[in-house]
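Top line first, the protein sequences correspond to chains A and B.
Going by the numbering used here, the residue at position 200 of the first sequence is 200; the numbering climbs one at a time, nothing skipped.
Going by the numbering used here, the residue at position 65 of the second sequence is 292; the numbering climbs one at a time, nothing skipped.
Keep in mind the hints are simulated off the structure, nothing from the lab.
Among the clues, some could well be false.
Okay, derived cross-link-like pairs now, DSSO-like style, lysine-lysine, Cα gap no bigger than 30 angstroms in a straight line [said to hold, decoys possible]:
#	chain 1	residue 1	chain 2	residue 2
1	B	Lys333	B	Lys437
2	B	Lys296	B	Lys437
3	B	Lys296	B	Lys333
4	B	Lys432	A	Lys6
5	B	Lys296	A	Lys6
These figures come from a predicted structure and were not determined experimentally.
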Amino acid sequence: MPMFLKVAWLVMRKDLTVEVRSREILYTTVFFAVACVLVFAFALVKEGRPMDDAAAGIMWISVAFAGTLALGRTFERERHSETLRALMLAPVSRPAIYVGKLLGIVLLLLIVETVLVPLVGLLFHAPIGNRPLMLIALLVSGTIGFSAVGTLFAAMLVRARSRDVMLPILLYPITIPVIIAGVRGTAALFEAVPADELAQMWIALLLFFDIVFVTLSLWTFEPLMTE
Amino acid sequence: MTFDFTEVAVRDVSRHYGRRRALARVSLACRSGEVLGLLGPNGAGKSTLLSILATTLVPSSGDVLYGSKTAREAGPSLRARLGFLSHDLHLYPELTARENLQFFAKLYGVAGVGDRVAAALERAGLAARSDDVVSGFSRGMRQRLALERALLHAPRLLLLDEPFTGLDDASVAALVSRLRELRAADRILVVVTHDLDVAERLLDKVAVLKDGRLVAFDDAHGRIREHYRAHVTEAT
């Protein structure tokens with residue numbers, strides 16, 4: 001296996017082992033995402049009838065909020081014993097460390113989404129089974145785009161005093177295109193007659209954002225992490 | 228061929244954080260088989276200098292030579308020759324002692340991970356607790372493990388930021404003994420400490436920093452308390 005992939009795999013496996021032991025981030029993130037959906041359900045579902053087209057928006061807002069929480073907690077863990085510094089001191093490609101952290105976050109968020117999506121389907125009467133493969137493609141590509149930027153900013157802010165406030169302030173404006181593409185693509189799939197072509201267009205756009213965001217993050221990670 | 232060096236030289240290094248000056252034109256050097264102590268009051272710039280030596284911080288001006296190369300010239304291969312032990316220990320509390328060492332050994336591309344990790348656990352006196360998670364360890368046990376983690380890849384330059392903080396006398400004595408072994412093995416050690424007893428037992432050279440300036444750089448023998456009284460006690 002090439003060294004770059006080996007390092008990324010090592011970092012991701014370490015993150016997952018730590019999470020399996022503590023389950024801290026998974027439980028808090030799932031709880032937070034479910035709480036978000038429930039609050040929106042109380043506000044937007046009247047007499048068992050949800051507001052039109054609300055499901056897609058609620059789903060992606062919950063993913064974004066839960067993702068921000070997961071990003072913050074993941075890097076807080078690295079800050080606690082200064083282990084991020086230990087990673088930066090290793091004689092390996094620093095972008096490989098970024099990719100390892102990114103994969104860990106993406107995997108975590110995809111697990112959260114397996115709880116979140118059926119809940120949104122249930123509470124908002126969203127036809128999540130209409131086009132399951134396309135819905136999965138939307139969720140995976142959107143999650144990668146959101147996490148790519150989030151991982152970079154969370155790593156950058158790890159030593160900042162106001163990192164909890166700064167992360168969403170920096171993250172949301174830049175990931176708005178990802179959230180919009182995710183919402184519009186999901187809404188197209190949730191229509192009574194799914195708009196396949198429209199959904200495919202949004203998936204393609206999300207893949208484009210993924211390529212742009214991951215490339216930019218790989219390029220800027222090393223200089224941004226060297227003070 | 229792997230990069231190696233026998234001397235570290237800090238040349239006219241300054242570092243600013245915005246308008247605040249953390250280090251001002253510091254120059255010093257240390258060779259293989261020597262232990263350099265960095266002394267000074269809090270905020271003197273000791274940890275900043277250590278971070279610059281570790282390549283995690285870039286100087287605003289001046290440079291550090293590892294042998295004949297700067298960090299930029301040596302590239303990532305330089306980091307394979309650096310070890311860092313800070314008071315934050317750089318260990319994952321949720322992982323076991325063995326998992327921590329295995330993770331970093333693989334990250335550093337150490338050959339024969341299993342044997343090297345087993346030997347490190349033995350040296351740390353943690354062979355019997357190797358499969359226990361680190362969060363259950365005492366400060367002294369964590370410190371011993373963190374030192375072995377920093378030494379897994381046999382670094383030439385070992386940087387230690389207040390390594391004696393929070394240790395009992397027995398742990399301090401064990402750590403001093405281990406650091407002496409490393410000095411005898413031709414490593415370069417740079418130690419930040421406030422512990423004068425330890426400093427007198429361990430250091431070969433002493434550099435005293437105050438307000439980011441190097442106010443004394445001398446052979447340590449017999450003069451550490453003198454320098455400390457003159458520059459540190461007076462400052463605090």
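Item to check | Hint check against the structure, violated hint numbers in rising order | outcome: Structure breaks hints 1 and 4.
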